[in-house]
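Sequence lines, in order, name chains U and R.
According to my numbering, the stretch in the first sequence is residues 261 to 621, in order.
According to my numbering, the stretch in the second sequence is residues 199 to 508, in order.
Keep in mind that the hints are not guaranteed to be accurate.
Stated by the list, open to error - Partial list, computed: chain U residues near chain R (C-beta under 10 Å):
| id | residue |
| --- | --- |
| 1 | Arg263 |
| 2 | Lys266 |
| 3 | Gln422 |
| 4 | Gln447 |
If you're looking for bench data, these hints aren't it; they were derived computationally from the structure.
Bear in mind that the values here come from a model prediction, so they are computed numbers and not experimental data.
Even glycine gets a Cβ: it sits at the ideal position worked out from N, Cα and C.
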Amino acid sequence: MIRLEKRPAPSRMWTAVTPVLAVIATMIAGGILFALLGKDPFEAIRTIFWDPLFNDQFAAFSRPQLLVKAGPLILIAIGLSLGYRAGIWNIGAEGQYIIGAISGAAVGLAFYPSPAWYIFPLMVIAGAAGGFAWAMVPAILKTKFNTNEILVSLLLVYVAEQLLASMSLSTLRNPEGGGFPGSRNLQQYEAASNPELIAGTGMHWGVVAAFLAVIGAYVLLNRHMLGFQIRLTGQSPRAARFAGVRPRLLVIFCLGASGALAGLAGMFEVTGPAGQISIDFNVGYGFTAIIVAFLGRLHPVGILLAGLLMALTYIGGELAQFMLGLPAAAIQAFQGMLLFFLLAVDMLSNYRIRFGKTEAA
Amino acid sequence: MDLSAINPVILIASLMVAATPILLAAIGELVVEKSGVLNLGVEGMMITGAICGFAVAVETGNPWLGFLGAALGGAVLSLLFGFLTQYLLSNQVATGLALTLFGLGLSALLGQGYVGVTPPEIDAIGFGPLADIPVIGPILFEHDLMVYVSLALIAGVWAFLKYSRAGLILRAVGESHDAAHALGYKVVYVRMAAIAFGGACAGLGGAYLSLIRVPQWTEGMTAGAGWIALAIVVFASWRPVGVLLGAYLFGGVTVLQLNLQAAGVAVPVEYLSMSPYLITILVLVIMSSGGGRASLNAPAALGKSFHASN
Chain U
261 MIRLEKRPAP
271 SRMWTAVTPV
281 LAVIATMIAG
291 GILFALLGKD
301 PFEAIRTIFW
311 DPLFNDQFAA
321 FSRPQLLVKA
331 GPLILIAIGL
341 SLGYRAGIWN
351 IGAEGQYIIG
361 AISGAAVGLA
371 FYPSPAWYIF
381 PLMVIAGAAG
391 GFAWAMVPAI
401 LKTKFNTNEI
411 LVSLLLVYVA
421 EQLLASMSLS
431 TLRNPEGGGF
441 PGSRNLQQYE
451 AASNPELIAG
461 TGMHWGVVAA
471 FLAVIGAYVL
481 LNRHMLGFQI
491 RLTGQSPRAA
501 RFAGVRPRLL
511 VIFCLGASGA
521 LAGLAGMFEV
531 TGPAGQISID
541 FNVGYGFTAI
551 IVAFLGRLHP
561 VGILLAGLLM
571 ALTYIGGELA
581 QFMLGLPAAA
591 IQAFQGMLLF
601 FLLAVDMLSN
611 YRIRFGKTEA
621 A
Chain R
199 MDLSAINPVI
209 LIASLMVAAT
219 PILLAAIGEL
229 VVEKSGVLNL
239 GVEGMMITGA
249 ICGFAVAVET
259 GNPWLGFLGA
269 ALGGAVLSLL
279 FGFLTQYLLS
289 NQVATGLALT
299 LFGLGLSALL
309 GQGYVGVTPP
319 EIDAIGFGPL
329 ADIPVIGPIL
339 FEHDLMVYVS
349 LALIAGVWAF
359 LKYSRAGLIL
369 RAVGESHDAA
379 HALGYKVVYV
389 RMAAIAFGGA
399 CAGLGGAYLS
409 LIRVPQWTEG
419 MTAGAGWIAL
429 AIVVFASWRP
439 VGVLLGAYLF
449 GGVTVLQLNL
459 QAAGVAVPVE
469 YLSMSPYLIT
479 ILVLVIMSSG
489 GGRASLNAPA
499 ALGKSFHASN
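Looking at chain U on its own, in the form it has when it is part of the complex (with noise of 0.2 Å):
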């Protein structure tokens, strides 16, 4: 018989060996996957994995996108950890992050033509500012009325979802668009623009927020009674009560932060790589970074790392369909499958398995 003791505290060994056991696993069971397809699962599984970085052919490319992709899914990831530790569950981020779009491109269109200075910095304060009081509508619900968090996050995407359409129909649409839906592109407003900071890397400032946020994030958490009320919390909400925790004050600090996160997420990505508000502006970072704040195993450094992983799997999803033809709801499921398999092998670092007969439990 196969029977799991209880560690008294998770292995640190298992703890960072875990989500590479995952990837390779999930590696596996993606070549199983795509073979099925009728695709070499081999070239698949390199396609997706190395040629973006290696390929002499792609790799100029496909580098830069590297951080381009990272930067919202490492931003609203590291925000996501804080809350999740505390057990505190945000999963609508991705709602966050149109609203954060919205309210820092309207900050910028309100003031265009103008070229001072100053409005990109608003439009920073404003993105970080819709998100933040977007999440504040599940904070304060459920410290209110001790609603539960993780369906009215989730339910307020489909909201901002139906907002970002009406945004991009009417209210923001281009004067000068001919008809189209789609606000003015940002990119080609110097003031409100999000450029590229160095040619060829694909940094904006959405990466620079993102490194400072995992910064930030580790301090917060190492060194800041704040971050260790969190990981109290989360590992004992009893003993949290007794060490003067206050529940409600967590509440609203990690859902606003994740949300005024994922809104500056939102907000860079409009200026940036986007370019304009639009229909399909929301491309799922919101949920995939949920896989990333897991992979990461909640920690900063790990998220970095998670973060650029599953943009490398984004941009070899693309490659592989570009190339091989792969759909690319074959790279969704293999994100999602990670997820699982992350969730399947973290076992290991919580129980010890014991082989042997079982006593008459």
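Fit chain R to the known structure of chain U by using the hints.
Just chain R now, kept in the frame of chain U:
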């Protein structure tokens, strides 16, 4: 704007159809949560059921085999969740989310060849002269079989939980898995069975969308229906009758806003489309605040992992 074009009888009849997918998914999730498991993967199981049912129905030409396939697809996917949470003791919230993300990807992958295909048609059941009764006829006697199946499921689950021994065991497991374990009940088996039932129901709900309500396959077509089903279980404070009420209320809002869109009300379409989600949130708030019973009625062991320590 012409509000007189909205016929209340047709409105009620069509709200029953609009509510059925959510009703099916919610009654399944109710049983799962009664056994103490929180499966947030309803959306993923619904959309997988939607494509499994659609594919089977198109390939065999028989919609009822489609529904069977959908129930199977949903159940298989839910057992994946069950294996992870019950045997590998993973976090239920995270695993449920993973199920949704995976289900959305998987369904898009399976559904590639089925975009734009028309599924075999399903007729309303012929109740003969009963359907000709004014007002009551169109409301009660002119639906397809699945509407009645969903109503029967509500009644069945209600009776099962209230009167049967197995239902009592299921509730005991959900209230205190340690006590149930001490009494010799197989906590994990009971929960796996409940999870599979929930998956099958969610699958049926999804297939109802793709085979009857829409009827077509598009990626991400459930559009949050699974999450609304989860909210309705809370709204119902874990009572089957409440699920019926909640689902029909939601169906009513959906149909009403669609009718208002068609009637050309001066509110932009996007804001009308938001309303079902906003009203779901509003109802959640009312039910979970002090006056509501939701928080009191939740199964005590909801969302907690069970590990028989020895």
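Cross-check of the supplied hints:
no., hint, result
1, Arg263, "holds (8 Å)"
2, Lys266, "holds (7 Å)"
3, Gln422, "holds (4 Å)"
4, Gln447, "violated (26 Å)"
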